[in-house]
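Visitor: Given next are the chains, with one letter for each unit.
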Amino acid sequence: MKGRSWMVLLVSLVIIVSMIWPSIASSAERSPYKIGVNLELTGPWAEVAKTVKMAMVMEVERINGMGGVNGHPIELVIEDNGFDLSRAAANMTKFARDKEILVVAGPFEDPLQATTRAIAEREGITNIIFCPSNPMVRGLKQPWSFNIAQSDIIVSQKLVDLCLARGYKKVLVFPASHPLAQSLAEYCKRFGEEKGIQVIISKETHKHTDIDMTPQLIKLKPIIDGEKVDAFYACTAGPPGPIVCKNLRALGIKTPIIATHAFGFHFIIDLGGEAMEGVEFPAAKPVVPYQLDEDDPVRPIITDFDKRMKARYGVRADQIAGYGHDTTWLIYDAMKRCQGNVTRAQFRDALENTKGLKSCNGMYNYSPTDHDGLTKRDLVFVRIEGRKFVRIKFPEFE
Amino acid sequence: MTPWVHIPQLLSAGITIGAIYALVGLGFVTIARASQIINFAQGEFVMLGGVITFSLLKGAGLSYPLAAIVAVISVVIIGFLLHILVVYPLRKTSIPILLIATLGASIFISNTTALVFGTLPKALPSFSGNLPLLIWGVPITPQSMWVLGATFLLLICLYLLSHRTLMGKAMEASSTDPLGADLSGISRNLMVFLAFGVSAGMGAIAGIFITPIFYTSYHTGTLIGLKGFVAAVLGGWGKNSGAILGGFVLGVVESLSVAFIPSGYKDAVAFVILLLILHFRPKGILGSPFIDSRRW
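Note that the protein sequences, when read in sequence, are chains A and B. For what it's worth, the numbering used here labels the leading residue of the first sequence as 1, then goes sequentially. For what it's worth, the numbering used here labels the leading residue of the second sequence as 399, then goes sequentially.
Hints may contain errors.
Examples of chain B residues toward chain A, derived with CB under 10 Å [as the list claims (entries may be wrong)]:
{"id": "1", "residue": "Gln407"}
{"id": "2", "residue": "Gly516"}
{"id": "3", "residue": "Asn528"}
{"id": "4", "residue": "Pro537"}
{"id": "5", "residue": "Gln541"}
{"id": "6", "residue": "Pro660"}
{"id": "7", "residue": "Ser661"}
Cut-off 35 Å, straight-line C-alpha distance, at most; resulting in silico cross-link-like pairs (DSBU-like, lysine-lysine) [claimed, not checked]:
{"id": "8", "chain 1": "A", "residue 1": "Lys170", "chain 2": "B", "residue 2": "Lys456"}
{"id": "9", "chain 1": "B", "residue 1": "Lys664", "chain 2": "A", "residue 2": "Lys393"}
{"id": "10", "chain 1": "B", "residue 1": "Lys456", "chain 2": "A", "residue 2": "Lys207"}
The set of hints was computed from the structure by calculation and includes no laboratory data. Every residue gets a Cβ at the ideal spot worked out from N, C-alpha and C, and that includes glycine.
Using the sequences plus the hints, can you model the full thing?
Guide: In structure tokens:
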């Protein structure tokens, strides 16, 4: 009887010590700041979204190696949403309900952002979205949501600059049917007409699943020939971009093609092959890291990042990997500016006050009225030549 | 501007895409004739043909013809495996169960492709240049000619197979009269097995010929498979000639429809036509051996 009560005491002592031990041990270093990452790691955009994850993992390790945020390490909690709206929403809610998570990065693609933004507003957690905002969500002025990528407004401004520099007087726009492409077309028309360029928006559109745009282009051919347009604007993203170029050239149309910043990927050139030669577009700076001006403030950041990506993963840095890099450093920068332990509200205010943070895609400035960050100065003109991206310079428009 | 000026050009685009629908539709019909199964993994064979050729060409550095031949052979093997692993074990169940099983196999194939070959879209180079040829003032790409040529060659081969060889006749027999075929000592399981191989091979060849025009990715098989199925039903389910006619009709109508209605509805056209045909003429344009025509 006596022996058994000793055993009970011993066992309970062991249990108590083992429960307390981790908290004694970890109190030596500070508790981690957790970031939720909600990405399309499976589905059609898996390969692209993976580079975002790679970049974030690499940069977080680097930050933690430098001592973290005032001694607190950063920890990523990564969830796959499979390019599925309900899974993206479930991940977002899960992150929001976990009190330790301070900010959610992702989703990557436009169709998912409206939902996660709404959850972010309801739950009061910052949501950083990799794709650009579209006019519908921008109009809501949601205080908790921030976008990383170049918005449709600045891309259209830069595109109009490209037309002015090339002396195009009449441009035909062939937009995709999704909202972002439609707004790119609208802004192109608005900014273009301010500068005296005639912009015709085609009534024909295309879907991102279309594998053949020949019928639409056949219908546009009389407009191209009859109106004598100077340039054809392929206002689209993903595989339809090269398909439009291929179909256009197959119809024997030799009009110069201008395009969106979504053409800045090597797989786009591979898809389009010869038809991509001579296509010009406003591009993010990571598309041409080694062709930037020597005195460009972001050049050393991109080239350094590119070297580290190649060394660790064997892939070159592109704009998408750059978004992963930029998001990580934006979060780090905002956390460092918080007083004491970071809270969700403090973090949001700090992120909104980001001023002049230099990162891969350019100089980020957020303000209560601007949650898009970049400006048209963060874009460069690029031309596809010999299956490579070649920077072209127009001094008066840089 | 009248829509009529576009007609010749739209017609040529429609014929090219119609040839592809015809090839995919023929794949459906080949299996259906041997076993009455609708093989929903047919579109995946088309996708695999393109994706495997791409990876052999770019990854393994094989020459284009060699890569294409190896790809066709591997897709035929995958077709055989599909029969051995999915269809054969379920042969004693009902047709709807087999149909769902092939649908499951199609999802399995497309996701495995995503894992093995990646999710980025892939395009093959054209067989012979990109400069469009002018035929009666209508620019046509050389690749379209290749697609048409390949379609006609395959049609001839298929015709010879089913009308001039014992194997083809045995396949035909096992579909038209299963009991009679059994009594004559034809192994129906073997015939279905061969039909899967033939249809996989046709799908792969179609995939290799069309990838230079469009692109391929792990998820492109579904839509092209559906269109091929629509083509086969449209022309007359279970008839080779029906699939061919249905393919060209579908391709041309889809393409011409753009001249008159906004292009956003292009994909819907195929399905609207299918609904109309099924409503007014359920056995398809040329009639179907599977549907008792006396009832209609």
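Visitor: Hinted pair, alpha-carbon criterion (35 Å max): B/Lys664, A/Lys393. Please report holds or violated.
Guide: Cα-Cα ~41 Å, so violated.
Visitor: Between A/Lys170 and B/Lys456, does the CA-CA distance stay at or below 35 Å?
Guide: 40 Å, violated
Visitor: Let's test the interface hint: is any C-beta of chain A closer than 10 Å to that of B/Ser661?
Guide: 5 Å, holds
Visitor: May I ask you to test the interface hint for B/Asn528 with respect to chain A, counting a Cβ-Cβ separation under 10 Å as satisfied?
Guide: 5 Å, holds
Visitor: Given B/Gln407 as an interface hint, is the shortest Cβ-Cβ distance to chain A below 10 Å?
Guide: 5 Å, holds
Visitor: With chain A as the partner, please determine if B/Gln541 meets the hint condition of a C-beta pair closer than 10 Å.
Guide: 8 Å, holds
Visitor: Is the interface hint satisfied for B/Pro660? The criterion is a beta-carbon contact with chain A at less than 10 Å.
Guide: At 7 Å from the nearest chain A Cβ, B/Pro660 passes the 10 Å test, so the hint holds.
Visitor: Less than 10 Å between beta-carbons is the criterion; does B/Pro537 satisfy it with respect to chain A?
Guide: Holds. Min distance 4 Å.
Visitor: Can we keep the B/Gly516 interface hint, with Cβ of chain A closer than 10 Å?
Guide: Holds - the Cβ of B/Gly516 comes within 10 Å of chain A, reaching about 5 Å at its closest.
Visitor: Between B/Lys456 and A/Lys207, does the CA-CA distance stay at or below 35 Å?
Guide: 29 Å, holds
Hint compliance for this structure: hints 8, 9 are not met, and every other hint is.
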